[in-house]
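The hints should help you fit chains B, C and D onto chain A, whose structure is shown.
Residue numbers (this note's numbering), protein chains in the order written: chain A, 101 to 438; chain B, 101 to 438; chain C, 101 to 438; chain D, 101 to 438.
Just so you know, the hints here were simulated from the structure itself, not pulled from any lab data. It cannot be assumed that every hint is accurate.
Label-pair restraints from in silico Cβ distances [said to hold, decoys possible]:
id	chain 1	residue 1	chain 2	residue 2	range
1	B	390	D	294	53 to 59 Å
2	A	370	B	390	30 to 36 Å
3	B	428	A	403	50 to 56 Å
4	C	385	D	372	42 to 48 Å
Some chain A residues flagged as far from chain B (calculated, every beta-carbon gap over 12 Å) [to be verified]:
id	residue
5	103
6	117
7	150
8	203
9	211
10	236
11	241
12	245
13	261
14	294
15	307
16	325
17	345
18	382
19	384
20	403
All of these numbers come straight from a predicted model, not from anything done at the bench. Even for Gly, the Cβ is constructed at its ideal location relative to N, Cα and C.
Number of protein chains: 4
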Amino acid sequence: MSASIDVALVGYGYWGPNLARNLHQLATCRLAAVCDLDSARLAEVERFYPATRTTDYREILSDSTISAVVIATPVPTHYTLTSEALLAGKHVLVEKPLAMSSTEARGLIEVAAHQNRILMVGHTFEYNPAVRKIKELLTTGKIGELYYIYCTRVNLGRVQSQLNALWSIAPHDISILLHLLETLPVEVSARGATYLNSAVEDVVFVDLVFPDNVTAHVHASWLDPSKVRKMTIVGSQKMIIYDDVASEGKVKVYDKGVYRKGDEVYGEFQYKLHSGDIHIPRIDMTEPLRNECAHFVQCIQEGTRPLTDGENGLRVVQVLEAAQKSLRNRGVPVEVAS
Amino acid sequence: MSASIDVALVGYGYWGPNLARNLHQLATCRLAAVCDLDSARLAEVERFYPATRTTDYREILSDSTISAVVIATPVPTHYTLTSEALLAGKHVLVEKPLAMSSTEARGLIEVAAHQNRILMVGHTFEYNPAVRKIKELLTTGKIGELYYIYCTRVNLGRVQSQLNALWSIAPHDISILLHLLETLPVEVSARGATYLNSAVEDVVFVDLVFPDNVTAHVHASWLDPSKVRKMTIVGSQKMIIYDDVASEGKVKVYDKGVYRKGDEVYGEFQYKLHSGDIHIPRIDMTEPLRNECAHFVQCIQEGTRPLTDGENGLRVVQVLEAAQKSLRNRGVPVEVAS
Amino acid sequence: MSASIDVALVGYGYWGPNLARNLHQLATCRLAAVCDLDSARLAEVERFYPATRTTDYREILSDSTISAVVIATPVPTHYTLTSEALLAGKHVLVEKPLAMSSTEARGLIEVAAHQNRILMVGHTFEYNPAVRKIKELLTTGKIGELYYIYCTRVNLGRVQSQLNALWSIAPHDISILLHLLETLPVEVSARGATYLNSAVEDVVFVDLVFPDNVTAHVHASWLDPSKVRKMTIVGSQKMIIYDDVASEGKVKVYDKGVYRKGDEVYGEFQYKLHSGDIHIPRIDMTEPLRNECAHFVQCIQEGTRPLTDGENGLRVVQVLEAAQKSLRNRGVPVEVAS
Amino acid sequence: MSASIDVALVGYGYWGPNLARNLHQLATCRLAAVCDLDSARLAEVERFYPATRTTDYREILSDSTISAVVIATPVPTHYTLTSEALLAGKHVLVEKPLAMSSTEARGLIEVAAHQNRILMVGHTFEYNPAVRKIKELLTTGKIGELYYIYCTRVNLGRVQSQLNALWSIAPHDISILLHLLETLPVEVSARGATYLNSAVEDVVFVDLVFPDNVTAHVHASWLDPSKVRKMTIVGSQKMIIYDDVASEGKVKVYDKGVYRKGDEVYGEFQYKLHSGDIHIPRIDMTEPLRNECAHFVQCIQEGTRPLTDGENGLRVVQVLEAAQKSLRNRGVPVEVAS
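Bound conformation, chain A alone (with noise of 0.2 Å):
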């Protein structure tokens, strides 16, 4: 086994105390010291944790035996203090999005490769037991032909002043359709609306076209009286719909699809529906988060390339910088760029 390796936590507001707790309880790292401009949450860092704490990242970067950084702070910052910490030569784990632009991610990817170190972004449900068992479920082509995906995320909370719910909340379902699809959209549309602050859209509907007719739908707001965190998969011969909130059932399979029948020249088509069992296999329960750390860690001591790397977080950028692009023109369709 390697040797654990020492860890700083850069952001301890919002996400940073889950990433705190899960840095301290893996047995291969240690959580070494955590950096906020805000000494109130220091304060709360030294009744939980024996880390060091700090409100200059310089002394994080100068920090030699400090071998990884996990960044949890405003997505603005993500492009300077990501490319700091790489160029003083440390892995990086950075939160989703991984940056404002497709140019600054492809900026990011750039310096990781010359610094010889990993970029990773945290693209939790990729990690999430409950999406793998998707993907397994679709990589063996059970459910028939793939026909449409659409992802309800709403809340009421966290409203942000600066990101949109595009760019806050939507990454997690961009993510899990590029991981499950593998392939980036044709195209993208996207409409929104504003309500508390005129600049920040509380509301957002993104359609996505995939190759092959496949399409996909998003649902992302802070203004809502539920926390939905839904999924629903199309297929010609079953249906899955994946409801993250749920305590019994996250995934359930549905024996369900519609076939036609019938002659193509004249027309003439009879639609045969069939709706049979439901199956609702058992999904692990390790925290999603946990694994993810735990990743991240593994990828730097074997020296192996993140399941959400660079690249991984870049594509997910691309196509929030698409639909950011028809959220400005109110849903007229752009292309991503490939």
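For chains B, C and D alone, kept in the frame of chain A given last:
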């Protein structure tokens, strides 16, 4: 009390049996005749009802004892059958949507006016006690400023070979939206996808922009593992979920909202969330179709205008037309002519 | 195919209309007559069905064209009405419970045997496709060793002023239990409470001990905020939840269980749990009462013994009698005579 | 504000880690030491908390800096460990049930009184905000006359090899019932069944009769496919469902009830049902165990009596004793000595 009137039902296919049952059970009218082109369907009528049966529509039109006709035939036939009935001096209740175009719809309104007969469209949800309760909540201003509404109406089947999901499923939601908001949308976008038949969208997403920045979103599909009929209404003070297939709590009123606190000039905002009690008002259990049929008969007897009159039906068709145009243009927004 | 037979329905109160509808719609019989003491109820019959109507039971009995009688009157009248019908040479389907005592029940069995007529009891749940599926799962041994079953059947209303919750609600569960287990219980205990009427238990809890240490528990009440009709079956290998009011997944089969590992002599055990997939078999959607009515007619036509024959009805009454005795003795266990 | 006090945790098995986390996070005390016989468990403590660790209970007792002990060891050890701690001058919070018999419980109360130390029992649900809300609803009389309460607390696991389901699961429900009703039951019956181990009931049903014809029913089991923690409270005017595992709506208040109308003399009653709105009050999200630990520390600091003091713990044990006696006699009712 007015004398009972004799009503004929035209079309005993998918929806006709529900109309027959309600017309038969209403004390204010008599199901006098049923017309269908398929004599096997008429044989079923014979088993259940003492009504006259015919495959010849002209027999219905020429029967002077019949004062009203209820039309539940395929939508492309609505225009011809409805105008013939009006011209024959019958009052008409026709299933939704009223017609295949606004030109047709306007034509029917004119004929009805000229013939001084009642023209009513079967937008059942406007007779649904749950929708009435929501209308009441919106009217009394209890939800604060209305932000947005989104609707999901999906199921496995009934797959249609001529009408797409926009024209066959979404009219329900559009009718409810226009009823609740009491205005036409300014602009409509729609995107869809075809899987079973390249000429007919199985799945459609519609975005509607109403005056005062109120927006709405409709998802209609007949390719889905679950039967969902759900509408979420987001206001600044309260939020409502209307789940038409819930066994308990079809309408839930959430005392939830977000408001912005801070200095507009310096752009330093804070968002305050409140999340209080949930209230589930008792909803009257009357069958909406029963209310609708009774309303039709009452309007005839009292000479009053139906809630869902020809103009009401026309407005829904106008929205469908605009959405259809956008659908053909991959989501480019289309203005709704008023 | 046998000729259609003429059936008379006796009692058009709470449950009678459901029987009327099914008898009317069955192709193998004709709802020839309806008898009720209340002429207002008969007026409703007239609106829906072309059957003869009478308030005089003797008219039914003396009508030689009527070969079978379906009795849905208050339970205390079952014995008299059923024996009169059998003596008049009619086949009889009588609602559950068969009679108010095992003595009465045995009397009816004897009369039916002597008259060579079919006596069937309306234990509808034995004709329920969900119960049939569960029976199949138990018979094939898939759940391992059967441990215990518990049932909840509660609702608000129908409050009865003569029969307590044991006699009016619990017969459903007892019938299902005897059907699934294919044996009488050895011993029964029951406790209850009276709130609305000091002579009639609104709430009853029944414990049943079957051979081989299989136990069952029934909770019946008409004072409850929710409509619950639920049965949980616990086996050593699998467990089943049957929720009759669930819209999706009435029967859920859980691959869950506990086994004991270790040394019996030294009492050092470990308990190993397994918790795997959940399977929801498709359940046929036929109305149970339709199946029941069709079965009655078929038994008459083919001269076969009904699934829920007089002996079946007697066994349920024997359990009710024992439970009633325990109820009067505050839960002291009572043996079930076999 | 009082000075923070040093607390030792004894027992770091199943429940201990939850206590450790809460004691660690409370600002009013310090988790100074943890004692467990298993040094592997202590190694886990070391990873998470800066507390002293020991396998020797006497070290805790003789440490004068420790003023309070929290005991989360197997129930049969409660009496000895608690009395030793009290005799050593420590305040004690001991997990439920307080002891294995009312004699033991009374002994502990006496020692605590003599030593002038606080004795508190960990009946967590009395610190649960949902239970507090229900208590408030009952106290203000909003539900009318209280009829009956039934509770289901089942799960797969944790199978116990010494304590049956009555002693290990039902104390929660009994504690809640006594808290809500503010009186001991008059009489208790219990029935159970053993499957995994012939000496230990896996499943128990308890009936409790309280003064004024209020009754309660408890179902406790560790052999179940689902995790259920549910309590239904039936009143004459309103009914409450408390579902502790519901994600939305843990407490639902139903405006439902039945009243009797009519002439008592002639026994001609009619039962009128009303079924109105449902109200879901917002429930504070504080962790009950956090409230409990904070209350313990506060009682020490302020010298006040805990809500769940020794007498409270004794009453629960008295009910358990009576139920155990009935259980051994197959459900024969047993009076509760007061």
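We went through each hint and held it up to the structure:
| no. | hint | result |
| --- | --- | --- |
| 1 | B/390 - D/294: 53 to 59 Å | holds, 55 Å |
| 2 | A/370 - B/390: 30 to 36 Å | holds, 33 Å |
| 3 | B/428 - A/403: 50 to 56 Å | holds, 53 Å |
| 4 | C/385 - D/372: 42 to 48 Å | violated, 35 Å |
| 5 | 103 | holds, 45 Å |
| 6 | 117 | holds, 19 Å |
| 7 | 150 | holds, 34 Å |
| 8 | 203 | holds, 26 Å |
| 9 | 211 | holds, 32 Å |
| 10 | 236 | holds, 18 Å |
| 11 | 241 | holds, 17 Å |
| 12 | 245 | violated, 8 Å |
| 13 | 261 | violated, 6 Å |
| 14 | 294 | violated, 8 Å |
| 15 | 307 | violated, 5 Å |
| 16 | 325 | violated, 4 Å |
| 17 | 345 | holds, 15 Å |
| 18 | 382 | holds, 20 Å |
| 19 | 384 | holds, 23 Å |
| 20 | 403 | holds, 43 Å |
Going down the numbered hints, you'll see the structure goes against 4, 12, 13, 14, 15, 16, while the others check out.
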